[in-house]
Amino acid sequence: MKFSEIIQKLDAASHNLTSNPDCNPEITGVAPIDTASSGTLSYIEGGKFAAQVGKTSASALILSQDETLKAQATERGIAWLAAVEPRLVFAQAIALFYQPFRPSPEIHPTAVIHPTAEIGKDVYIGAHVVIQPGVKIGNEVCIHPNVVIYPEVQIGDRTVLHANCTIHERTQIGANCVIHSGAAIGSEGFGFVPTPQGWFKMEQSGYTVLEDGVEIGCNSTVDRPAVGETRIRRNTKLDNLVHIGHGCEIGQNTALAAQVGLAGGVKVGNQVLLAGQVGIANQAHIGDGAIATAKAGIHSDVAPGAIVTGVPAIPHKVFVKAAAIYHRLPEMYQTLKQIQRRIQ
Amino acid sequence: MKFSEIIQKLDAASHNLTSNPDCNPEITGVAPIDTASSGTLSYIEGGKFAAQVGKTSASALILSQDETLKAQATERGIAWLAAVEPRLVFAQAIALFYQPFRPSPEIHPTAVIHPTAEIGKDVYIGAHVVIQPGVKIGNEVCIHPNVVIYPEVQIGDRTVLHANCTIHERTQIGANCVIHSGAAIGSEGFGFVPTPQGWFKMEQSGYTVLEDGVEIGCNSTVDRPAVGETRIRRNTKLDNLVHIGHGCEIGQNTALAAQVGLAGGVKVGNQVLLAGQVGIANQAHIGDGAIATAKAGIHSDVAPGAIVTGVPAIPHKVFVKAAAIYHRLPEMYQTLKQIQRRIQ
Amino acid sequence: MKFSEIIQKLDAASHNLTSNPDCNPEITGVAPIDTASSGTLSYIEGGKFAAQVGKTSASALILSQDETLKAQATERGIAWLAAVEPRLVFAQAIALFYQPFRPSPEIHPTAVIHPTAEIGKDVYIGAHVVIQPGVKIGNEVCIHPNVVIYPEVQIGDRTVLHANCTIHERTQIGANCVIHSGAAIGSEGFGFVPTPQGWFKMEQSGYTVLEDGVEIGCNSTVDRPAVGETRIRRNTKLDNLVHIGHGCEIGQNTALAAQVGLAGGVKVGNQVLLAGQVGIANQAHIGDGAIATAKAGIHSDVAPGAIVTGVPAIPHKVFVKAAAIYHRLPEMYQTLKQIQRRIQ
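Chains as they are written, first to last, in this note's numbering: chain A, 149 to 492; chain B, 149 to 492; chain C, 149 to 492.
One should not assume that every hint holds.
Intra- or inter-copy, both count: the list cannot distinguish identical chains.
[Stated by the list, open to error] Dumping the calculated DSBU-like pairs for lysine-lysine here, alpha-carbon to alpha-carbon at most 30 Å:
(1) K415 / K349
(2) K203 / K157
(3) K196 / K349
(4) K203 / K349
(5) K157 / K196
(6) K203 / K269
(7) K415 / K203
Source of the hints: derived by calculation from the structure; they are not laboratory data. Predicted model only: the values in this text are computed from it and were never measured.
Working from the sequences, and respecting the hints, build out all of it.
Right under this line is the structure:
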């Protein structure tokens, strides 16, 4: 595809792109900046990678609106387009060259589908999939091999279930969701009541709801509660190995990075970012737009828009200043002792 | 079911329940307090939810022995029963209305079962289950679809294995256990010895034992050791995404919350509570009744009954006081410098 | 097997073993020191276990070069051999008595293999395995039941894939690798670009490479990137529940303990050790031979050979000293206030 054609297709998404019109190479693929070869399109993610403009073998680049980088690319004969959000434009460019593996509609003869299940149109159901009674599958759904779906699950149109994942009873999954390999959705919440005779199991009679556009990473787990529901709202994305406890409610357009863990009854707002390995204790509420940095341990409510860090989590700016002093603790302790002695 | 009938059934479990006898609605299900509708039974978990008594649409409530709440419920025409342990009573009430999905005994024709395997009575073996040589399965065991059982595994009566989990060679699982979806039990411990030529693999010739009543959460992993055994004692419960290293020994009636990780050779006592994302280093011993709060990092032995927090873990009360000062570190550092200057 | 024969076989691996030649029991197996019975060979891992020499029922022991232990064993009539690296010798001894379960070559009739897949010689493909188009499998590969392999994957000779794991499109796995149960390799990286309309999905057109001798633990996940590759180099070992983000590059002979998480684009050197639950932020570089202790949170580059601890990670020795003072913070704060008052 000619670079000019790529620009045209991307421009249709109206990003106010600028480019160097003299340069119009044939582009055959997309590549990372440090290993890009001739004929590929790459992009400069940020300042750290700016030096790559002088070295890359890429034939075309997506740049931020940076005049120095533009000039440098032009000088090296590299075609470029510049955008306010180069990462978004690069994401759109990738989609011009790449489509993920998507099997054609088919119900594999080895799939075991209960006669009471309702299956939509143009569905792919891979080998060895098991669908239990009362399940409803929408149109154009793609269920990869070895998935197991427990009774009375509902799955919306165009949702993709990757291999070896398990969807438990009564789970409701919306349209355009992606459940990655090995994830377990709607599994029993961890509900045990202590008694003198040991743990008494609280049956988990509730269910889990994933609204439209939700994505759940590989081997993540989203439990259902004893009563009521666990809910993840529209367009929220979970990375791999995330745990969502029973009865949690997560807002829209929120993102949870890998290995985040939410205890029971946690409420997370819209457009929240929880970085890797964050943990949130029972019943805590996280306000809209809040950010928890990696490994934060949150025990109480977080205000909308707040950025928190540490265990227990405190405002990020406060944490950074305290953490910068932490290594001086032994020195401070000695100084304090000396002063005390001198004063006495 | 009439509320009086529910009370009768719960009272048989002798909880010294009290109730308002005038009020006897028909109850059709259980529900969480904030979304309960007419005809449902709910409960008030604690002080935080007390205000809900004035708002809920539930027709009946399980309360703690709190006279104000009782009076308030009576005034609003809500049937109630009060108990010393309302959560336990609610757990029993749920079981009156809900039974988890339990397929009827059947060996699905697509299951691949080695002829040397011994299968008990009234067993369910779902589609695409694979059972390797020498496996022994007790009575009334329920093995959901796509489970794989390696050779010489033993599984006790009434144990449930959820979909897509894997039980490795020589594992012994007791009676009344539940292994949730995607869990891997008895897998190879992480045993590698450094040599100048790289890692030398230590074969893991041991095995894993789960005693009666053990529950293992979704996608959790319990490794077997190089020699000897990894053992989890009776009635201990593990949440999702927990890792148990090779050669660990975990006591009875203990609970490990989600994403807890135990390195090799860790010993955990009876009735211990490890909160979410706790980590315990090689060979550490945790005494009976100890509690580790969320995200604690334990490097050495913990005394029976101790409550520990932090990385490295220290007594909880000490940690809380220190953590409350942590944000003052920069201020303390400045003050100290000023005093030093003044004194000199 | 006579103990002398064991010594001969181990000596062939030239470890400069010494032993007490008078004692030559028949050895039927290997066992841990605290539960070893007569007829078994065990070993003393370190000082903590030295007292066991006086108590064990083992008939033979592998010891470090410690004259006291040797004399004590001789006195008790226990055969022994002593080595500079007793753990390595014990690992070799285990392999004399134990071979892991390894099914004979066979392609199970229930496996679903696309006609375009190329399968090597002497391969085991278990029941219900699914192999999609364009996959290439080497010789003597062992694929346990219920594994799913997406299109265009390559798997090298003698590699073992345990049950229920999933290998995603275009993944390249070398020779002599082991992928444990439930692992997901080459799955989509977590790539979403924020827009006013919500998250825009960045397609993950790259692929994942595991070089020869790599081992991936149960339920671990290794994502592929948007462009380019995620690579784990020769002989590196990952424990269970580890997450490797898109575009990471991990060196040779490195080891990652359970529940470690690497964000996107992290570079880890050769012979690095990352202990349990370590987290590394986007784009950080970890130098050769570095060590991160358990639960470290790494936000910036770590120098070769450095040992780091804490969140954010700092040099281990510095952390240990500061952590030893941490619990004195309230006392320090009070002292400081008193001094301030006295001075004013």
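Okay, the hints, checked on the actual structure:
1. K415 / K349: both (24 Å within a copy, 25 Å between copies)
2. K203 / K157: Intra 27 Å, inter 55 Å, cutoff 30 Å: intra-copy only.
3. K196 / K349: Answer is between: at 23 Å across copies they meet the 30 Å cutoff, but 53 Å inside does not.
4. K203 / K349: For K203 and K349, only the inter-copy Cα distance (29 Å) is at most 30 Å; the intra-copy one is 62 Å.
5. K157 / K196: Result: close within a single copy only, 28 Å intra versus 55 Å inter.
6. K203 / K269: neither (50 Å within a copy, 45 Å between copies)
7. K415 / K203: Intra 48 Å, inter 20 Å, cutoff 30 Å: inter-copy only.
When each numbered hint is compared with the structure, a violation occurs for hint 6 only.
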